[in-house]
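*Asks:* Quick note: the sequence shown, position 127, residue 967 per my numbering, numbers continuous.
Hints are not guaranteed to be accurate.
Distance windows between CB atoms, simulated [unchecked claim]:
1. H1133 <-> L1014: 44 to 50 Å
2. R1142 <-> S931: 29 to 35 Å
3. E1058 <-> R998: 20 to 26 Å
Don't read these hints as lab results, they were simulated from the structure. A quick note: this is a predicted structure, and the numbers were derived from the prediction, not measured. Note that beta-carbon positions come from the ideal geometry of N, C-alpha and C, so glycine has one too.
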Amino acid sequence: MDATGPPRSDYTEHAVSFTSAGSRIGGVLYQPSGQRRHPCVVFAHGFSGTMDWILPDFAAAFAASGLAVLIFDYRHFGASEGEPRQLVDTSLQLADIRAALDYVRGRHDIDGARIALWGTSLGGSHVIDIAAADPRIAAVVANVPALDMYWGLRGRFRPATHRPGVVRTVVATLRLTAAAVLDELRGRLGLSPHYLAVYGQLGRSVFSDPALARRFREVESNAPTWRNSVTPRFLLHAPRYRDGTVERIRCPVLVTLARDDATISTPYLTQKLRNVPGVEIRQYPVGHFDVYHDGARDDIARDQRDFLLRHLR
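All chains should be built: construct the whole structure from the sequences, respecting the hints.
*Replies:* Shown next as structure tokens:
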């Protein structure tokens, strides 16, 4: 991350924990050098992410520039408690983010008046929802956010590597729906989940584009706590942040989008957000998962860092 800030010695990392609804949440606090109370950015991860994947790169870029950063795992994932494992539940994740905010606001070395939210993918949607109801948030960065997991799919980029056709798409959709219903029923009966792969075959996983195989191999190699499974009941309860949510936010908002996003619709998001006061939109010529890697990651992290420094300092 040489393009994004000073060397690593300008900050330290500490394992921390806090409680959310009785469960211990594991996290890491990045603390810049110096004795003053620092502004802080609370991170919210995406769909199946754990804090040893993606987040450290962005956190390091921000911390090296003088911003404290808290990264953590949602309940049921990674270093945090919660059973069953790999449970994706929007309401629980929102509660965990609020608990993270309470934690940093209670620290003597954090300036409670200068706390920002940073979220990516599903987490990008979460931070928008929380900021709409919390006027104390000083700034928001939403990275490729999925504001509406249904209507927001219209107009997605269609990669040449993954165009299964109408029949295969319908069959795959039916299989995913059946898996979600089965998992929902098992959950209501108190039984163990019916898991679905995050990445794998069409109709048997959430993501199936062959071009993503390399990206997910990197995750499995470099993120020890990440697991290639989730509870598909999430598909029946995916968030839909309707008109008026972003408009209620009273702090500056930066939305960073991927032009060739096959997971969420960048044209949909641009149309929804371009006329909202206080929202700045930046678009990059990459795909959804490319925003976390290589030069695109460095460019995006630098732009996000500059935005946060502008509004937190």
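*Asks:* Per the hint of 20 to 26 Å, is the separation of the Cβ atoms of E1058 and R998 within bounds?
*Replies:* With Cβ atoms ~24 Å apart, the hint holds.
*Asks:* Does the beta carbon distance between H1133 and L1014 stay inside 44 to 50 Å, or does it fall outside?
*Replies:* violated, 33 Å
*Asks:* Go ahead and decide if the range 29 to 35 Å is satisfied by the Cβ distance of R1142 to S931.
*Replies:* This hint holds: roughly 34 Å between Cβ atoms.
Checked against the numbered hints listed earlier, the structure breaks hint 1 alone; every other hint is satisfied.
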